[in-house]
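Chemist: Take the position in the sequence shown, starting the count at 1, then add 16; the result is the number in my numbering.
Please keep in mind that the hints were generated in silico from the structure rather than gathered at the bench. The structure displayed is predicted, hence computed values, not measured ones. Be careful, since some hints might not be right.
[Said to hold, decoys possible] Pairwise CB distance ranges, derived in the manner of DEER restraints: (1) E166 <-> S75: 15 to 25 angstroms; (2) E58 <-> R104: 24 to 34 angstroms; (3) Q105 <-> E184: 29 to 39 angstroms; (4) A20 <-> D151: 28 to 38 angstroms; (5) I39 <-> L168: 21 to 31 angstroms; (6) R41 <-> A74: 42 to 52 angstroms; (7) A121 <-> D46: 35 to 45 angstroms; (8) R19 <-> D151: 28 to 38 angstroms; (9) D113 <-> R22: 19 to 29 angstroms; (10) R104 <-> D76: 35 to 45 angstroms; (11) G123 <-> S75: 34 to 44 angstroms; (12) E125 <-> E27: 19 to 29 angstroms; (13) A153 <-> E125: 13 to 23 angstroms; (14) D76 <-> M154: 23 to 33 angstroms.
[To be verified] Heads up, simulated SDA-like pairs for lysine to any residue below, C-alpha to C-alpha not over 25 angstroms straight-line: (15) K117 <-> P140; (16) K117 <-> Q94; (17) K117 <-> M45; (18) K117 <-> G170; (19) K117 <-> D73; (20) K117 <-> G139; (21) K117 <-> R19; (22) K117 <-> V183; (23) K117 <-> R143; (24) K117 <-> L150; (25) K117 <-> C165; (26) K117 <-> H102; (27) K117 <-> L87; (28) K117 <-> Y141; (29) K117 <-> R104; (30) K117 <-> E164; (31) K117 <-> D46; (32) K117 <-> A167; (33) K117 <-> G158; (34) K117 <-> R22.
Each residue gets a CB set at the ideal place from its N, CA and C atoms; glycine is no exception.
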Amino acid sequence: MIRAARADELERLRRIEFAAGEIFRSCGMDAIADDEPLTVTELALYQARGGALVFADASDVPVAYLLIEPLDGNAHVQQLSVHPSHARQGLGSELLDVAEKWAQAEGLEWLTLTTFRDVPWNGPYYRRLGFEELDPAMLDDGLRGILECEALLGLSRWPRIGMRRRVEPHPVEGDSVSLY
Numbered sequence: 017m018i019r020a021a022r023a024d025e026l027e028r029l030r031r032i033e034f035a036a037g038e039i040f041r042s043c044g045m046d047a048i049a050d051d052e053p054l055t056v057t058e059l060a061l062y063q064a065r066g067g068a069l070v071f072a073d074a075s076d077v078p079v080a081y082l083l084i085e086p087l088d089g090n091a092h093v094q095q096l097s098v099h100p101s102h103a104r105q106g107l108g109s110e111l112l113d114v115a116e117k118w119a120q121a122e123g124l125e126w127l128t129l130t131t132f133r134d135v136p137w138n139g140p141y142y143r144r145l146g147f148e149e150l151d152p153a154m155l156d157d158g159l160r161g162i163l164e165c166e167a168l169l170g171l172s173r174w175p176r177i178g179m180r181r182r183v184e185p186h187p188v189e190g191d192s193v194s195l196y
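Build the full structure now, drawing on both the sequences and the hints.
Modeler: This is how it looks when you write it as structure tokens:
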């Protein structure tokens with residue numbers, strides 16, 4: 017089940033991201049695996065604005081999450097993490113589909129994100145889900161700024177890219193999307 021994250025689950029989201037990051041060790045990206053997840057305070061900002069979605073298991077415990085926010089008139093996916101115990105089950109794709117519905121309801125044209133270009137569960141994964149790599153000249157100021165900040169943090173040791181996927185046309189008049 018996909019729903020909005022609750023305030024009492026934010027530490028759980030940090031643990032999901034930390035566990036999900038362990039796979040980066042398999043491709044020599046230990047610095048990424050060691051990177052500290054967003055703080056509870058940072059996650060609380062997304063949660064308070066309705067931009068923190070979770071995929072909860074049958075016991076209503078989050079096993080994956082997505083952070084989304086408006087950026088440059090688009091819906092920007094700030095983070096998508098799936099706990100390794102639930103990986104390869106389509107949870108990330110389902111979260112992105114709900115994010116797209118949120119973007120539709122907000123009247124936004126694109127889902128955007130930044131990611132590692134060549135890591136199989138990053139760039140190639142998003143390409144399979146319909147995202148396209150953006151040429152640097154096509155980046156909006158917000159995405160360009162995110163990539164510049166990521167470079168300052170050392171992430172540019174591995175090629176980083178901006179990507180986008182067109183949001184399907186708006187729902188029929190009267191349809192609504194709730195993340196709660």
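Chemist: Under the constraints set out in the numbered hints, which ones does this structure not fulfil?
Modeler: 1, 3, 6, 10, 12, 14, 17, 18, 25, 30, 31 and 32
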